[in-house]
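*Asks:* These are the residues of each chain, in order.
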Amino acid sequence: MEKKSKSIWIAGLLIAGVLLALPLVAKPYQISLLTEMIIFSLYAVSYNLLLGFGGLLSFGHGMFLGVGAFTTGAMLQRIPGLPFFGAVFLGTLLATLVGLGLGCLLLRHKGSYYALLTLAFNALFYAIAIKWHSVTGGDDGLPIKRPNLHLGFFQLSMTDVTTFYYVALVVIGCAVLFCWYFTRTAMGKTVLLLRENEERMQFIGYNPAVSRMILFTLTAFFAGLSGSFYALFFKFVGVDAIGIDMTTTALLMTFIGGTKNFFGPVLGAGFYIYLQNFLSNITDRWPLFMGILFVVMVLFAPRGLAGLIQSLVGLLRQRKSRQAKEKNTPGD
Amino acid sequence: MNVITIFILHGLVYAGLLFLVSSGLTLVFGMMNVLNFAHASFYMLAAYFSYSLLKWSGHFWLCLMVCPLLLFVIGAGIERFLLRRVHVLGHVHELLLTFGIAFIISEIVKWVWGTAPLPMEIKGFLDSNVNLLGVVYPTYRLFVLFCSIWIGLLMTYLIFKTRMGIVVRSAVDDSEMVNALGVNTPRVFMFVFALGAALSGFAGVISGPLLSTNTGMATSILVDAFVVIVIGGFGSLIGAVVASLMIGQLQSFGALLFPKFSLALIYMLMALVLIVKPSGLFGEKK
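Note that the protein sequences, when read in sequence, are chains A and B.
First residue of the first sequence: 1, per our numbering; consecutive thereafter.
First residue of the second sequence: 333, per our numbering; consecutive thereafter.
With the rest of the complex left out, here is chain A (with noise of 0.2 angstroms):
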């Protein structure tokens, strides 16, 4: 045990030194790809945390990752001279508020009920980015200027491609860092109970809704955040931000890249921003082929690809043991 937890440190912090050395090497255009990767992941995590971990399959990821990038958008153009880390607080403060709304209403719900649901709240709050075209901008969307971040002393030039790629990573590593880290407390494990056992669950003496306001609330949260970093890395916000299309993002992301896994979706967003960058400079029907991916694995490879890496590695693993095991017994 010991071992494994030691290779994990060491893993996270290869992972860890080469996003933060990859600048020095990289061109811009490859970091801002790598920027988008970042923002995506945290939002597939966050939904992760729903499906995979609460076994709550959600049809309205999209809205809070919209929520947090028009309210970013909007509060940016409204007060002038907002700082930065104030827009990405306003934002995913708004889409927490949303979350622990809808949550109220939804926490009664699971299973398929709870599915069609998220997805007619979601196409609620779509109707709305279109209509309130004073806030939102309508179809036209927002644009936003991305402001300087404040520090103290000196200040930082966000126009710069690697500087906003440094907060982002900062910022977003430490959210899915917490996202791991809630998983292995106490309040993470009610809701892979949740997921198991509800009954037993209230048996024991634990309130299923409650940790599943608790959860819807958290992943709203984070999706905000990512929502917020979404608005200012595009500079511009559409309604394609809040749409279902958003919603369906999430779920080929963290479905592509494997549930079982808390690392998965963060694969899968990188996967899938990757393969969107190269697909769709072949062709412009990209979706198609996310979508037959998706197919195929939904039904082939049910543990995505965290799974198929896995068991990879897992066979690698049983033929060296089986080579080093002829190798120790000549005779036979």
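Mixed in with the good hints there might be a few duds.
Said to hold, decoys possible - List of simulated lysine-lysine pairs, DSS-like, C-alpha gap at most 27 angstroms:
id	chain 1	residue 1	chain 2	residue 2
1	A	LYS131	B	LYS455
2	A	LYS110	B	LYS609
3	B	LYS442	A	LYS131
These are calculated hints, taken from the structure and not from any lab test.
We have chain A; now place chain B onto it with these hints.
*Replies:* Okay, now just chain B, sitting in the frame of chain A:
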């Protein structure tokens, strides 16, 4: 007065379409416990099929007969070869699969027919107006209303008066028991799924000339049909009828009275039902 009559009629016509889509959805859900996200995609697919067929042959009646049949076959194929495979993996996978299928269908439609809305023109006697209750009303809209009432009656007969209907109704209640009694439930599932697809397809064909054929039509009616199911109650056919009528009128008069909030009205109704009676108006508490 005339305006009110017209808007009531508009609401009824939309309610008819909504009923055709949501009745299949609610039956499939009641029986197989699968919330079919691809249901509205069948509707969209049929509308595009009929657009092409109409362009090629020029006969709307032909579309009305051929497209639902095509969708029946497609629906049966999807149930037999895809959905049945993931059934053992559980709910979430079934939902994900239908979602993936919906996604693929919508992309294929965009690829083949493009993203611009396609107008469908109807010739002959359907393309005229009639005098009804003192207002001049398009014949085609009345035709849509007539079709949906007719199909609704046919379905009621099938479900409540035939042996097949008895099997379907009992499978909605307890499919395991029906299976134990010697009925081939997988085949019944396939049939009902395909029938739902065909109904949805029929709705797609008749909606083409009414609400132009476009790539967003699936999502918009899917969400409305979901709201219908939530309000009417899962698996309840009567609930689907009543909720469709409510949504139809609400949407029609919402557009007349509060054009800015008409979209939000149906969600408010849904939220209200959720708070007052979470299982829906005609749903059984589980």
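*Asks:* Indicate, hint by hint, whether the structure satisfies it.
*Replies:* Evaluated hints:
Only pairs whose Cα atoms come within 27 angstroms are accepted, and A:LYS131 paired with B:LYS455 is rejected, the gap being roughly 36 angstroms. As the CA atoms of A:LYS110 and B:LYS609 are separated by approximately 16 angstroms, the hinted pair is consistent with the 27 angstroms bound. Distance check on the hinted pair: B:LYS442 and A:LYS131 sit about 25 angstroms apart at the alpha-carbon level, within 27 angstroms; holds.
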